[in-house]
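Undergrad: With these hints in hand, go ahead and build the complete structure from the sequences.
When we follow our numbering, the leftmost residue of the sequence shown carries the number 2, and every step to the right adds one.
Calculated from the structure, these hints are not laboratory results. Remember, predicted model here, so these are calculated numbers, not experimental data. Check each hint, because a few of them may be wrong.
Unchecked claim - With beta-carbon atoms standing in for the labels, derived distance ranges:
no. : residue 1 : residue 2 : range
1   : P244      : D208      : 49 to 59 Å
2   : R312      : S405      : 20 to 30 Å
3   : Q343      : S56       : 47 to 57 Å
Stated by the list, open to error - In silico BS3-like links for lysine-lysine, alpha-carbon gap of 27 Å or less:
no. : residue 1 : residue 2
4   : K162      : K172
5   : K276      : K71
6   : K71       : K330
7   : K186      : K65
8   : K186      : K154
9   : K250      : K215
10  : K330      : K283
11  : K28       : K71
12  : K215      : K276
13  : K186      : K28
14  : K39       : K74
15  : K65       : K32
16  : K115      : K162
17  : K327      : K345
18  : K330      : K345
19  : K74       : K215
20  : K330      : K342
21  : K154      : K65
22  : K215      : K77
23  : K242      : K222
We treat Cβ as the ideally placed atom computed from N, Cα and C, and that holds for glycine.
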Amino acid sequence: MRRIHDLGTDATPANVRGAWESFSDGKNHRKNIKRYEKCLEENLNRVLHELDDESWQPSPYIEKRVFERKPRKLAKAPIEDHVLEAAAVRPYETSLYDYIAWQVPAVRPNMGQKALLRSIRNELFANTQQECMYYLSMDAHHYFPLMDHAILKRQISRKVKPGRLQRVLYKIVDSYMHGAPLGIKVSQIFGQLYLADFDRLVMRFFDIGRDPDKLALWTRKYIEARIVTASTPDDYADLCKGPAFLAEKFRRYVEDGLPHYSRFVDNIIIRHADKAVLGIVKVLAIMILARDYHVIVNRDYNVRPTWTGIRIVGYVFYHDRVMLGKRNKQDLCRHVARLFKQGKSEEEVRVAQASRFGYAKHADCIHLFKSIGMENSLGKIIKRRRIKAPFQGMVSTQKVKFSSICKMLLNVNGGG
Numbered sequence: 002m003r004r005i006h007d008l009g010t011d012a013t014p015a016n017v018r019g020a021w022e023s024f025s026d027g028k029n030h031r032k033n034i035k036r037y038e039k040c041l042e043e044n045l046n047r048v049l050h051e052l053d054d055e056s057w058q059p060s061p062y063i064e065k066r067v068f069e070r071k072p073r074k075l076a077k078a079p080i081e082d083h084v085l086e087a088a089a090v091r092p093y094e095t096s097l098y099d100y101i102a103w104q105v106p107a108v109r110p111n112m113g114q115k116a117l118l119r120s121i122r123n124e125l126f127a128n129t130q131q132e133c134m135y136y137l138s139m140d141a142h143h144y145f146p147l148m149d150h151a152i153l154k155r156q157i158s159r160k161v162k163p164g165r166l167q168r169v170l171y172k173i174v175d176s177y178m179h180g181a182p183l184g185i186k187v188s189q190i191f192g193q194l195y196l197a198d199f200d201r202l203v204m205r206f207f208d209i210g211r212d213p214d215k216l217a218l219w220t221r222k223y224i225e226a227r228i229v230t231a232s233t234p235d236d237y238a239d240l241c242k243g244p245a246f247l248a249e250k251f252r253r254y255v256e257d258g259l260p261h262y263s264r265f266v267d268n269i270i271i272r273h274a275d276k277a278v279l280g281i282v283k284v285l286a287i288m289i290l291a292r293d294y295h296v297i298v299n300r301d302y303n304v305r306p307t308w309t310g311i312r313i314v315g316y317v318f319y320h321d322r323v324m325l326g327k328r329n330k331q332d333l334c335r336h337v338a339r340l341f342k343q344g345k346s347e348e349e350v351r352v353a354q355a356s357r358f359g360y361a362k363h364a365d366c367i368h369l370f371k372s373i374g375m376e377n378s379l380g381k382i383i384k385r386r387r388i389k390a391p392f393q394g395m396v397s398t399q400k401v402k403f404s405s406i407c408k409m410l411l412n413v414n415g416g417g
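TA: This is how it looks when you write it as structure tokens:
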């Protein structure tokens, strides 16, 4: 692993302007952005000067509390800090993201939630139900507010060599009393770097195969768990083959690692064929997170069958379909019903709720759209335009399937 070497490419006018354009994209209607743009050149030159001579110090944050399904405490920073932090990181973003495993798609450009959706969906569709029979779900408690500064700096130093970039990142870490400030882009990168080594450790099955004593201990634990949790004919068939067979089976699992791993910021999902293996993974993961990263896992963690649905990022994943989460579905239906009551047309409703419809279309929601009266959002209008009438003088809507005609004739003639 090569560490990032600061080459001074961040303190250039082109890079600072690019950081400003990236930060202000989609925010030009805000009053503070308009005020900043009135003296844009002067402000950008000041940012460039502070970045070049390293005289910049983070400004005090303004606390803002929001409630989005649960209370959150945001830390608002001035525009100058946002632009300077973005300019310092911008030339090295690709290298920082390369250090993070691709199974952790949050924050990455052109990835995020949709990349996680495609990854889990394609994995469940491609593998048999036996290969991903169970899943372990874990959620970190107050992930950003409880980040340990010493551990975070250690993770930064593992990827960034001493230099201006490292000093800027250290200033951002020390600018907040506890954890990482929610509300700035760099904190999202911190959230990915903080557990980057843990992600790879889990996928290597915690390296217990390299230590004979650990392997012997967890092999014994695995055999005991299989005996205690046996409930199906397949479980009893494995037990009848003896402890040597179970021990060899566990060693193969350790050699293969845990390839079915995903993490979205503080949510961890691990899929596996063996429930006893996930029980061992649960114990090891909670222990290592608490000991090495000071991360507390919420008490709702558990090993569940995959056929009950994997719930993450607003979707519910099954082996044969992807459904919209309950809260997102209810929000969509309520907003659509409210707009219809106001007398809005279907097209006006579609435009007003475009973001929710775009989110829902990644799931299997054809029946949902029909139920709420938004069938045209499925593209049926475009499809009808392509249908050609069978005879001259007819329109496309008059075209009927031959099977429907046969069914009508059977009903008229009494079935024969």
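Undergrad: Does each hint hold? Answer for all of them.
TA: Outcome of the hint check:
For P244 and D208, the Cβ-Cβ distance of about 24 Å falls outside the hinted range of 49 to 59 Å, so the restraint is violated. Restraint check, R312 to S405: a C-beta distance of roughly 39 Å breaks the suggested window 20 to 30 Å. The hinted window of 47 to 57 Å between Q343 and S56 holds, with their beta carbons roughly 54 Å apart. For the suggested pair K162 and K172, the alpha carbons sit about 15 Å apart, so the restraint of at most 27 Å is met.
Taken as a hint, the K276 and K71 pair is broken in the structure, with Cα atoms around 31 Å apart against an allowance of 27 Å. Distance restraint check for K71 and K330: the Cα-Cα separation of roughly 18 Å lies within the 27 Å cut-off, and the hinted pair is therefore satisfied. For the suggested pair K186 and K65, the alpha carbons sit about 16 Å apart, so the restraint of at most 27 Å is met. Between K186 and K154 the CA atoms are separated by roughly 17 Å; this keeps the pair inside 27 Å, and the hint holds.
With a C-alpha separation of about 16 Å, the suggested pair K250 and K215 falls inside the 27 Å cut-off, and the hint holds. For a cut-off of 27 Å, the pair hint linking K330 to K283 is broken: about 31 Å separates their Cα positions. For the hint pairing K28 with K71, the CA-to-CA distance comes to about 25 Å; that is within 27 Å, so the pair holds. A distance of roughly 20 Å separates the Cα atoms of K215 and K276; the hinted pair therefore holds under the 27 Å criterion.
Using a Cα cut-off of 27 Å, the hinted pair K186 and K28 holds, with the two alpha carbons roughly 15 Å apart. Restraint check for K39 and K74: not satisfied, since their Cα atoms lie roughly 31 Å apart, outside the 27 Å limit. The suggested pairing of K65 with K32 holds, with an alpha-carbon distance near 18 Å, which does not exceed 27 Å. This hinted pair does not check out: K115 and K162 have alpha carbons roughly 33 Å apart, beyond 27 Å.
Taking the CA atoms of K327 and K345, the gap is near 25 Å; set against the 27 Å cutoff, the hint holds. A hinted pair counts as satisfied when its Cα atoms are at most 27 Å apart, and K330 with K345 qualifies at roughly 20 Å. Between K74 and K215, the direct Cα distance comes to roughly 41 Å. Violation of the 27 Å bound is thereby established for this hinted pair. With a CA separation close to 18 Å, the supplied pair K330 and K342 stays within the 27 Å bound.
A hinted pair counts as satisfied when its Cα atoms are at most 27 Å apart, and K154 with K65 qualifies at roughly 26 Å. The hinted pair formed by K215 and K77 fails the criterion: a straight-line CA distance of about 46 Å is larger than 27 Å. Restraint check: the Cα-Cα separation between K242 and K222 comes to about 17 Å, which is no more than 27 Å; the hinted pair holds.
Consistency note: the structure conflicts with the earlier hints numbered 1, 2, 5, 10, 14, 16, 19 and 22.
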